[in-house]
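K.L.:
Chain by chain, the residues run as shown.
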Amino acid sequence: MELLGLVNYALFMAIFIGIYALLALGLNIQWGFAGLFNAGIAGFFAVGAYTSAILSSPAVEGRIGGFELHFVIGWVGAMLAAALVAWPIGKICLRFRSDYLAIASIGIAEIIRLVIKSEPALTNAARGISRIPRPAGDLGYMESQIAYLIIVLAVLIAAYVLVERQFNAPWGRMMRAIRDNENAANAMGKDVEFRRLEAFIFGSALMGLSGALFAHFNRSITPEAIDPMVATFLVWIMLILGGSGNNRGAILGAAVVWIIWSVSEIATDRLPHEYAVQAKYIRLFLIGLMLQLVLRFRPEGLLPEPLRGDQRSTKSGADH
Amino acid sequence: MDFLDLINFYVVPGIVLGSIYAFGAVGITLIFAILRYAHLAHGDLATLGAFIALAVVTSLGFSPLIALPIAIIATAAVAVGIDKVFYDHLRERPKIVTVMASLGIALMVRAVVQVVWGVDTQTYSRGIVRPEDYFGIRIRDRELYTIFAMIVLVGGLQLFLTRSKWGKAMRAMSDNPNLALLSGIDNKKVVMLTWIVAGGLCAASGFFLGYNTELKSMMGWHMLLPMFAAAILGGVGRVEGAVLGGLIVGIAEEMSVLVLPSEYKAAMAFAILLFMLLVRPTGLLKGKVL
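So the sequence lines, in the order shown, correspond to chains A and B.
Under this note's numbering, the very last position in the first sequence is 580; numbers go up by exactly one each time.
Under this note's numbering, the very last position in the second sequence is 369; numbers go up by exactly one each time.
Hints were generated in silico from the structure; no laboratory data involved.
Note that CB positions come from ideal geometry on N, CA and C, so glycine has one too.
Mixed in with the good hints there might be a few duds.
Ranges of calculated distance between the beta carbons of each label pair, as one might list FRET restraints [to be verified]:
(1) Val195(B) - Val490(A): 18 to 28 Å
(2) Lys163(B) - Val490(A): 22 to 32 Å
(3) Ala134(B) - Leu413(A): 42 to 52 Å
If you only want the chain B side, here are some residues facing chain A, beta carbon under 10 Å, derived [what the hints assert, rightly or not]:
(4) Tyr116
(5) Leu119
(6) Pro173
(7) Ile175
(8) Met179
(9) Leu186
(10) Gly197
(11) Trp300
(12) Phe307
(13) Ile311
Bound-form chain A, shown alone:
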């Protein structure tokens, strides 16, 4: 019984790591490739979660949606919706330094939170949307957890392969050129603003997909399902600790940070109640401190960005 509980917990954790790894990959496209500071990750996550929920849940009186579409359509819709939200923000803010994007993305996340909480016709306000179909959800408990983990891993691997391909492709090299020296890239005839917009939209779409995976896993989504500030910050620390600019680093960071975060939660939950509340905020303090320490002592992260990026060219370069 004990063993079974452990296995179940490990499965649960692995699914969450997969979902966060997708977020970290999305952020890696934005920050690691293009140097764009997105502080509204939770907003795009929520857009994806709610879009997929509306598209695939059964109809309810007095609420838009309930189209009962296949979950794959919901997930594609989640990516499109997140991209659609990202587009105007990027269009306006990417002409300037990334500081402006940081502020605007905090703003858009806040607006999305407001809309979710106060539009009963769209998101069912505080009660949220329930009865979201879960792929392979009608199997037994453990079988369905395993099946969902396989689906999450398949999505994550597909995303990783695609993003990694782009990293080594001319597009990825161009993005890093823009990130490292905007003026030089501009002088080479690259359309800096448009390319940044591309990176911002691709990254946001991945974040939306991750939100959809989360909503279908929980079978429901409410405004309180995730704490926006904590989620956004966790994804940042995952990417920075894992190694920004390195896709494997982003996934490794997601695993390391999520394990630390969950294990510390188990530890603090064992405390007596009067300390448990305070311990929650002490954990937040420590995760903030962790970012400061990583920025100071290991800014390149656990797995640094590959210097040349394209390994094939360095290998062939050595042959000549």
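Starting from the known structure of chain A, fit chain B onto it as the hints suggest.
P.N.:
This is chain B only, laid out in the frame that chain A set:
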């Protein structure tokens, strides 16, 4: 609705809220112009200032207005300390790294407030204050103090920036850092002065928000967006612009209730921010664009 109602229910609260935003926006605009990054921990520093004042009020029994100067000094010291410990060593790295560090600091400062003071809503003093009637315009004393304090503190800062040697040094760093360094301005002192000014104003901002409404651990974070909108609306680097921007954002937020559901009050600042970035990124008073 007649004209006086409009003034009493929308414009006066708007000016008070705007003054509160102005305190924060002035600090943001100075940091943006002199140190050249967006400081995302500004709102939470304001929360800390408000709660330090609360600690003085509850432990020493002072009246809130006497606690204000103590909170200003303490928060300025905290701001200088945060800069020395966390931001200083990032100076040679791209500025956006410091923006990220400040997001972490925002979380840390808020966590400190939540651990020390808890997450429940608190107030400086209990009881309902009736507004006084001035020729039909109804203002509470605390609202007058807020506006008055804003005029005195920001006016004093403006005098300091235009008349004193160190104020001029700060403006020189903002206009042209290389030239300023070449003319022998001590960068370290300018950075420290900037943090003293910004930290002190933060405390005033948080204090007056708590004084006029109530104290919550998330109050500062929710002020961050309006404060940035105010700084950009006025023009980055322009102190008088930040005040003007703060007042406009404050009044716009209060007036938005006339046309939008009140839940979307907070969206007003965001709309102003995007609109300014779209049509006039230099702001009303021709500030910088970084």
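K.L.:
Each of the hints needs a verdict: does it hold here or not?
P.N.:
Hint by hint, here is what the structure shows:
1. Val195(B) - Val490(A): 18 to 28 Å: 19 Å Cβ-Cβ, so the 18 to 28 Å window holds.
2. Lys163(B) - Val490(A): 22 to 32 Å: 27 Å, holds
3. Ala134(B) - Leu413(A): 42 to 52 Å: 50 Å, holds
4. Tyr116: Status holds, d = 6 Å.
5. Leu119: Interface hint status for leucine 119(B): holds (7 Å vs cutoff 10 Å).
6. Pro173: 8 Å, holds
7. Ile175: 5 Å, holds
8. Met179: 7 Å, holds
9. Leu186: Hint on leucine 186(B): holds, closest Cβ of chain A at ~4 Å, below 10 Å.
10. Gly197: Cβ of glycine 197(B) sits 8 Å from chain A, so the hint holds.
11. Trp300: 7 Å, holds
12. Phe307: Nearest chain A Cβ about 5 Å off; hint holds.
13. Ile311: 8 Å, holds
Violated hints for the displayed structure: none, as all numbered hints are satisfied.
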